[in-house]
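Novice: We have chain A already, so just place chain B on it with the hints.
Chains as they are written, first to last, in the numbering used here: chain A, 176 to 547; chain B, 1062 to 1270.
Keep in mind the hints are simulated off the structure, nothing from the lab.
Incorrect hints may have been included.
For lysine-lysine, the following PhoX-like pairs were computed, each having C-alpha atoms within a straight-line distance of at most 25 Å [said to hold, decoys possible]:
1) B:K1117 with A:K337
2) A:K210 with A:K413
3) B:K1117 with A:K262
4) A:K205 with A:K417
5) A:K417 with A:K428
6) A:K211 with A:K428
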Amino acid sequence: MAIIPLRSGGWQGLREALADRMPIEKISFKTLIQKKEVPVHRAAWAYYLGGLVLFCFLIQLVTGVLLLFYYQPTVSDAHASVEYITKYVSGGALIRNLHTWAASAMIFFVLCHLLTTFAMKAFEKPREITWISGVLLLLITFSFGFTGYLLPWHQIAVNATKVGLQSIEEAGRYLPGQLSEMPGRVRELIQGEAAVGQATLSRFYAIHVVFLPLAVFGLIGLHLLTVQLHGMSQGVDKVTGKTERFFPFFVLKDFSLWGIVFLIAAVVALCLPFEAFFSYPLFAPYDALGSTPDGIKPEWYFFFIYYPLELLPFWVVMLGQMVVLGVLFAAPWIFKGTSRRTLTTIAAAAAAYLIIITLFGQHIYEFFKGDM
Amino acid sequence: MRIGMWISRSVAAGWVAFALSSHAHPEFQIFVQQNSSRNVDCAMCHAHPDGPDGLKPGQIGSLSHEEIAQLQDARAAFDPGHVVDNPLLNAFGNSLVEQLGKRKLLELRQHPEQLPDAIGYTSDIDGDGIPDAEEYLAGTHPVDPQHGDPWRLFVINMRRNAFHIVMLVLATAAGLFGLNNLLRWFELRQRIEDEAEDDVPPVGDSGRA
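Isolated chain A (complex conformation) (with noise of 0.2 Å):
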């Protein structure tokens, strides 16, 4: 009789838990929108990267469609589909570009969103399932990355795919017994068969144009729910005491850096290839017979796992990328008692990593390989 009691104090103990964290009974358009108000103090500008990424989706969305009216998701095709699309197709070029650069961009933006909020500790209760519902976005974004990269079949996208799907068969040699094998078939299962082909093409492209998308709607609708629920934090130690109304105020100003953002990204995509900044022969068509060209290297947003892969142990990097994730996950439990203070300067070391190995990777690659 005793486990009862407590078995039932669990169950509502869960209950509530959830309740102070989902108040559902809040959901009305009153409190979301005309009720909600936005803390006003010096680092207010943060509450605006989470609307640039949501801003950078909804231009991968569109177009995303519009691509999908000519790509071709087989070996044979790929490579020219996306050449037909780039040279023949009316505004084709800029498309492309839009797609490919607000893909960059959507990134980066997570990225300063992802810090930003750490250092204002947002996640502090009861934000939990708005850190958790993000780190999970973050790496969705991550995966739309990795599996639009194949889509074009050039010989870049099939060699950097290769290696990224290597490494995920290489953790299985840290692995004791029978867990051994498990990355191995993991890889199989995203490859689909003996060597990336067209079983790999089309898993790729089921995975970017359908799942995670499907994904993407369900947590940003999750993410944006709890952000109105609870509001936004109050980011800062120093309480200004100073609010706007979300609507019409906030959403206003939102509305303009998205059009001042949209600018800057039409300019850059009608006037900048993104294939300008390397060496042409990586976006050839694969040729599986072929010789591999150098200077195969992932997109700029993986070099701050790649360069280590090339400089550090496998075990160590592999290490070092799980206890992150789990830190990331566990944030809101393990920097529960941590100031904004210690939590910003976290932010801003991770953040002076990102921006160094990203800029001189190869510089470092090179001092520590004896190239230079």
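Specialist: Showing chain B alone in chain A's frame:
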């Protein structure tokens, strides 16, 4: 039967290839790589990235009779001015033969740095605004309008798309102007509402007055 046919065709194509002895000139590629620090391959001038030797499309072993005739015509173009359509070359490779002739081109193998001056800085096959000679020096693709020095492409495309950019800026400015005015209107309305709330005397005050 099919395999036998395929083998005999491959052997025949190999013999044709040997007899025709395709001419790749890696001196140019080596110079461009050193000069530009960019990785380049045979696709700068040739139809196939791995060069003219082989059986793949754009390589000598894959040529039809008509294409072999075109190849022979192109090889006879020792002097400049001959319009050639060598199936082993791309538009840039063919334009080099047309502008310089095979004789001069073979001489330039010893001095690949002189090629840009020899062809001049007027030809721009891909129409991206960067002359072929500059693309050669920069190691960018002379027949791909999406490929070139990023900063130069940006500046050139800014000029080319000036009208579109001006329209984009105007549209954004108009949108921002509208949003800003809407924001001010909301602020004004809120201030009026706040002032009206302040002016309303508390309940019960009227009796005392």
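Novice: A:K417 and A:K428: Cα distance at most 25 Å?
Specialist: 17 Å, holds
Novice: Holds or violated: B:K1117 and A:K262, Cα atoms, limit 25 Å.
Specialist: 24 Å, holds
Novice: Would the pair A:K210 and A:K413 pass a check requiring their Cα atoms to be no farther apart than 25 Å?
Specialist: 23 Å, holds
Novice: Need the status of pair A:K205, A:K417: alpha-carbon distance at most 25 Å?
Specialist: It holds: about 20 Å lies between the C-alpha atoms, which stays within 25 Å.
Novice: For the pair supplied as a hint, B:K1117 and A:K337, is the alpha-carbon distance within the 25 Å limit?
Specialist: Holds, because 24 Å separates the two Cα atoms, which is no more than 25 Å.
Novice: For the pair supplied as a hint, A:K211 and A:K428, is the alpha-carbon distance within the 25 Å limit?
Specialist: 15 Å, holds
In terms of the numbered hints stated before, the structure departs from none.
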